[in-house]
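> Which chain is which? The protein sequence lines are L and Y, in order. Per UniProt numbering, the first sequence runs over residues 1 to 467. Per UniProt numbering, the second sequence runs over residues 1 to 467.
Copies of one chain are not kept apart here, so a pair can be met inside one copy or by any two copies together.
Calculated lysine-lysine pairs in the BS3-like style (CA-CA distance at most 25 Å, straight line): (1) K305 / K214; (2) K339 / K262; (3) K214 / K301; (4) K24 / K34; (5) K318 / K214; (6) K371 / K339; (7) K371 / K31; (8) K214 / K115; (9) K273 / K371; (10) K91 / K24; (11) K411 / K339; (12) K268 / K301.
The hints are simulated quantities; they were obtained by calculation from the structure and are not laboratory data.
This is what each chain is made of:
Protein chains: 2
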Amino acid sequence: MSFLRDIKLLLGNESVITGYQMQKFLIDWRKRYKGSALAVVLPRTSNDIAALVNLCIFYNVPIVPQGGNTGLCGGAIPDNSGNAIVLSTIKMNSIINIDEINNSITVEAGCVLKKVQDAALDCNKIFPLSLASEGSCTIGGNLATNAGGTQVLRYGNIRDLTLGIEFVNAEGTIVNALRCLRKDNSGYSLRDLYIGSEGTLGIITAATLKLFPKPLGKKVFLVSVYSLEQAVSLFSYSRSFFCSKITAFELMSGLCIELVQKLINLPKNFINKAPWYLLIEISHDNNEHEIIDSISSFLEKSIEKRLILDAIVSNSSKQNEEMWLLRESIPIAERELGKAIKHDISVPISNISSFVEQTNNLVQAVFPGVKHIIFGHIGDGNLHYNIAKASWQSEYQLLSLQNDIYDLVHKMVADFGGSISAEHGIGVLKVGELTKYKSIAELSMMRLIKRAIDPNNIMNPGKILDV
Amino acid sequence: MSFLRDIKLLLGNESVITGYQMQKFLIDWRKRYKGSALAVVLPRTSNDIAALVNLCIFYNVPIVPQGGNTGLCGGAIPDNSGNAIVLSTIKMNSIINIDEINNSITVEAGCVLKKVQDAALDCNKIFPLSLASEGSCTIGGNLATNAGGTQVLRYGNIRDLTLGIEFVNAEGTIVNALRCLRKDNSGYSLRDLYIGSEGTLGIITAATLKLFPKPLGKKVFLVSVYSLEQAVSLFSYSRSFFCSKITAFELMSGLCIELVQKLINLPKNFINKAPWYLLIEISHDNNEHEIIDSISSFLEKSIEKRLILDAIVSNSSKQNEEMWLLRESIPIAERELGKAIKHDISVPISNISSFVEQTNNLVQAVFPGVKHIIFGHIGDGNLHYNIAKASWQSEYQLLSLQNDIYDLVHKMVADFGGSISAEHGIGVLKVGELTKYKSIAELSMMRLIKRAIDPNNIMNPGKILDV
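One chain only, chain L, in its complex shape (with noise of 0.2 Å):
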């Protein structure tokens, strides 16, 4: 086939993979999303992608762009055609240049993020997104999932973290905005169009991302809480508390510590059974024991405060990991009850605690027994609402209810002023219930970006939008 083989001379045999070769690259990490190519393309270089991007043009060939493949709708996964190819930006994964002056690392789309984090840490800063996939995941993917995580609440989404990209667009045109500036309106922001886009628009090569001074310590502390309202009214005494300083502030049902607690070993002294349980991180530049009678003075007065149960202080950097990795077990704790359904919704964080009454009422109305595996980040308003089988039900039954659950609870997301998405992205997962909750003439803005920067619809397509 004469696209193959202009591919293979564009960018040489060993960047080209076709057959069983090609399996990994097809079906996402979950195993819930499947699809085939005609070649899954490991291009070197921005130059690589534009060259390449001419070729599927004139051969009329889709594009899925990919990188680490830990993302959870389906965005980087072809569809079952065949028509399309995989680009894999997985040998672009340099650092470019660190800037220890201006604040600033450049690195390529294929870079890790955890290999960017590990950057900033050896010249004694931080680059703070952090998620669960970190050790896998890539740059680019996070840029086009403009991914969140855990220290969103003091740093922001991937978008708040990032100055400038470079990208290709489906012209095939690389267009290097790689600017390393703080300050820059000089028209509209291009950069802020593609982060977030899940590749339906081009394809990012690479960022300069911003790194922040390192805080001298980090303390974490778990607290149980009888209710949502306390953990709501606890974020905001904790602000008012510790200001800027509180850089995570997450929240686990007593069911996701019963299931993680099948896993790993709890702290010692852990708190009795309680229904919610709250991670608290501060992050310091004072000394140890300024930050220990801090955090001790905040829980007198919360306890005083009726706003907590009980609560334990990590004393080490190896009991903060410790307490993390209660957090982090979750969705692997989780699978010991079945396939989920999974919500990655977002609310105002004024709204947490009536929407997940309400719609815990209303799920077990309408589908009595199914348990609720909750968790997420209170801060952002970011709960990871999920729906596991009841006792009497089979995975098989559970999962063919999907539609009708995700219509309960995103009606209810929406009735709360929420999104449907909060952190995920769109995917190819999403893509019906986007259109039935952003209002149209949103969507139809979308489109008329889409099909004006896209006119061939070859970048991604199916994914976000069903142009």
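Starting from the known structure of chain L, arrange chain Y on it as the hints suggest.
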């Protein structure tokens, strides 16, 4: 004329200004841009604006949105054709809602920045956007130009401070994306496309903005340094010393201070004549003596490291204000030297020193004797690099060199990886310059977007892009 009759029918006579009373809307505050218009229209609601846009589409009348009319690039002033209307948002100045738990405030576009800051303070929080015109500029204008100001170092531009916006698009549809969400990855970020688009894609009508905890205290100190290289090194050192506590790091040249002291009294014990001064602000949650100790220790070490010449530390909030007054008086004080040729530029922080040295030399070689008025936000790499007339020149002689001086300075900015508009936007002033320094690919994509979203070219035509 039937267009005017129809507007009056739609919005009421009292919402339409014609004739001589339009004057103050047709000229900017610096009296650099003057235009004419069919009418100035003062809508009260988003519905008014949507109806107005529909009418303007029907009659093919361009719309020039205007907030507080404090812009520096002529973006809110119509051209001389007299074909357009000015849409002033001054009657849309309500605070719609404050959600203290969600740390957000929702306001109409015509709300003056100071009013938003005050509303935040009333609930013991802050809205950190801060700039010289805060007493008269509006949130809508701030968003349209992605306003920066003095607190960007810690809190970011208004883009970073915005959760959601409502706008009326160029089809006359209200797009309500007034989300109060900190995480929302559901498709292209129309919010970020409209922020910084200077009214060329539609009219921003309301916004939901982030509020932050109010720091317990602020301390300002002034230091003098020999060179910009020292200033940048001091910035790096202070970031590692104070981490996120630094909320401003402002540069003033010796000449700026000389000019300012003709207007106001300098603080007592003000440092001797030096080539450069820095105003550093620390926002902290410590008690008074702790922060004084910390600043003293920082200054001692800075002297040891030969990073500073001298320093004075404010000892009261009154003295904080006096120190800020120095910095804020520069734009007025520089008028002493006549109308200047102003550059609002940014470069990577690591390039500030060599950029200024080389550009100063080049400017003196080509335009001998002109004066350099340099101040700005070191922490953002954002300099106000202004050129005033030589002692032997008339104001007219200098202004006639404007294009040559722009060429020289902007060429240097481009060579140092910078932006020709850091925080003021493009307006009409820099439309030509933008075509020289933005890549063809970026300009072409900006035009694609403008044409797709505003096919009739009725939204602030001629601003940013000459479509």
